[in-house]
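Number of protein chains: 2
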Amino acid sequence: MSSILDAPPIAAEEKPPWKTLSKHIKTGDGDAALELLREVPPSELLYVLGRLRDKKLTALWQLLIPIDLEFAADLLQLLPDVLAANLIEQLPTETAATLLSRVDSDEQVDFLATMDSERSAEVIEAMGSSEAADIKRYLSYPHDTAGGLMVSEILTFSAKTSVSSVVDFFRKHHDQFDEYVTRYLFAVDEHDRFVGVVKSRTLLTASPSDTMAQLAVSDFSVVSPDVSVDELESLFDGVDHMAVPVVADDGTLLGAVKRSAVFEVLQERDVASLMRFGGIVGGEELRTMPLRVRTFRRLMFLLPSIGLSYIAVSVITIYEPIIEKATVLAVFLPMVANLCGAAGNQAVAVSIRELTLGLIDGRDLLRVWGQEFFLALFNGVAIASVLAAVVFCTRGDTGGLPLVIGAAYTLSSVVAVGLGSGLPLLMNRLGIDPAMLSSPVLTTLTDMTSFFLVLSLAAAILDFT
Amino acid sequence: MSSILDAPPIAAEEKPPWKTLSKHIKTGDGDAALELLREVPPSELLYVLGRLRDKKLTALWQLLIPIDLEFAADLLQLLPDVLAANLIEQLPTETAATLLSRVDSDEQVDFLATMDSERSAEVIEAMGSSEAADIKRYLSYPHDTAGGLMVSEILTFSAKTSVSSVVDFFRKHHDQFDEYVTRYLFAVDEHDRFVGVVKSRTLLTASPSDTMAQLAVSDFSVVSPDVSVDELESLFDGVDHMAVPVVADDGTLLGAVKRSAVFEVLQERDVASLMRFGGIVGGEELRTMPLRVRTFRRLMFLLPSIGLSYIAVSVITIYEPIIEKATVLAVFLPMVANLCGAAGNQAVAVSIRELTLGLIDGRDLLRVWGQEFFLALFNGVAIASVLAAVVFCTRGDTGGLPLVIGAAYTLSSVVAVGLGSGLPLLMNRLGIDPAMLSSPVLTTLTDMTSFFLVLSLAAAILDFT
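In the order they appear, the protein sequences are chains W and C. With the UniProt record's numbering as the guide, the letters of the first sequence map in order to residues 1 to 465. With the UniProt record's numbering as the guide, the letters of the second sequence map in order to residues 1 to 465.
Same shape as in the complex, but just chain W:
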């Protein structure tokens, strides 16, 4: 009985394990590297591997594969998809194919889909022809559909098979199915068409002569390979199944989607949103990735921001004569704009969350605005009062400046909340990922609004005498 509590913490005084590991890789001592990795607590493994540069990481796997292929494959599945894909790309094609054949079918597909498409085609060709055909079929489905998420590690039997034959099969192939969906057995006819699902627990209490067809549950949900991950999520929300069979239009059983796979892909999607919110375009960035890829991805987000930002500040250009008369406006312009942007972003976050949960969709603009208006107005007045007080305390009542700033903030924050709550719905309606565009576009629009309102109200109200 092993417990993760027994794993010794890494003592600060000792030489850090990645240094030792790095030395083993340099000297080509695979056995020592393997032994070291086996001793690292699971929670520290990724940290240790993360210290190795690209080439060292590839070299490590080249040492591990000939010694313990199973371990090398398990370790590979610990890595984030982008790192694993990068590593496989750099291995010799034959070695990569050998390694990949030991990886679970759903991870195989994830890694290959993340790889450079030319390299992935080469690696697939180098694999066994039946496995290659399976993988090609899986890769033909989009990542976030039942076809892309399904695994082939399922237990399939002919509908005519008897319980005693199934038990015999288990006795012979004892302990080979740790990675399989074993809660259910799947019954198919002579043309591999799906017949039904047998809960493996019912085998225990069934008579040995019963057939799979007799034991099959009649009302088990099935999905077609093009069902989306959102539909799968709501399916799993509604039923207690741990997996559902994926069946082609002609009735062929293709595989099964596990409940956990659906939740993992939803989690990945949330992470991707977070990255896009932070301004990383083109997927996940890890710092071990090549510098030019990272530079390019970040630049692709910043370059359009120049244009957007210029559009916003061009509002200021129009009012430069006003600023010449009251340079104090240059101080409060960015402040009003920042606070309006923050208020708008709050509304964006709530709209994205409610869209993700399925509580609202693109049709609900007016309802959402109804729910936001009084909140926006109340918070607008509250913050505006504080702002006006700050202006009054630091500048006095210079020609009505507190009034100008307070009124401009109230109005522009209400507009910002309206834009922030509404834009994600509009994006959703247009089929664009709301997390992708709302934030930079929103900032531009809220900046423009607050610049315009502060400066036009200043032009109208401010007493320059």
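Heads up, a few of these hints could be off.
Since the list can't tell identical chains apart, any single copy or any two copies may satisfy a pair.
Below, simulated EDC-like cross-link-like pairs (lysine to aspartate or glutamate); rule was C-alpha separation at most 20 Å, straight line [to be verified]:
(1) Lys15 to Asp361
(2) Lys19 to Asp361
(3) Lys56 to Asp189
Keep in mind that the hints were calculated from the coordinates and are not lab data.
Put chain C on the given structure of chain W with help from the hints.
Just chain C, lined up with the frame of chain W:
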């Protein structure tokens, strides 16, 4: 065999289901409401329920509970925790207790932990005493530990039980365990102390006289109730188990943590980060929540932002005489600040992601800076060149303005990337959630840096003649 593909789409011409549902609730027609909800496709259920106001939602459950308690409990588990908790709070205590007893143990705990603590104590008291004791024990563990995540729906047998008795048990209690962890059976001694795990599949091939103790897997991982969700994640990454037993210090078997529960809680955490990134303090906000709660939470984030924003713009105050001489600076100040903020945010996103994955931790500041410096410098020069060109094209070379803006952007963006990549590591070291503080604090710091650099370089270089 039912397929979610068969579910009819909601036709746009028909009266929307929530209107009909709302009418049934008003007239108190529970049967019609139940029938309607049974016909709504699972993927639309949450959307339909989301259209009902707080009180309508509570009224709906009061109608459903006496007619079909099981359905009411299943439907409750579809709702986000905050909505479900709110609903339970509003039900009469006895009704709430009846409803909750039908909910899975892990969801029970989630809902009760989200509720007002006084109401939740009342509801627990109204439940059966043994169930209440279980729940109190579960609630005593933090949400994101093995104790908080474990379920009690596991199959536990005495280590001396024979296979034939277990099979008899299954025969008698046929189909009662859909929500149970059934892949494993757990063997305990006469004092409920954990003895071992029996894979249910081995029952099929075992002899009827074998005991649970004989079939138990010897090297199965166990965890103590205070193990964190991160440790659980890396444990599940390393082994193929679908669940691990949770064992107290005295050896008592408390329950089991399912793999899926760990991934669901990690997903929730990502969502919470996204919300905090968007400026919602105090947890998830849904628009069906009371207005005053929503207003208060958003305000709590905006109020400190006034202070932070004021600190940033006070840099401008110092340089007001410079702006008086060149009001054009008021135009480019917000632009440089926005772009630096965006560059800094990119680095924040990558640091948070790498921290979450366990690729880096608080100790790695210098390494991360090493990985960011050249990227920051390159992108800084690239964006600065475009900015300088924009200045030159719109304003000409007025006294060296393009040089001032370009140089100021380059320097302040490098500082912004340094702050953005470093702050999350610092927060991590101090034990603060990085997503909580990095964004507003970062904006203040990057604003200050860029305001200072633009204005001080302008004072030094700009030729005002």
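Item checked: Numbers of the earlier hints that this structure fails to satisfy, in rising order -> 3
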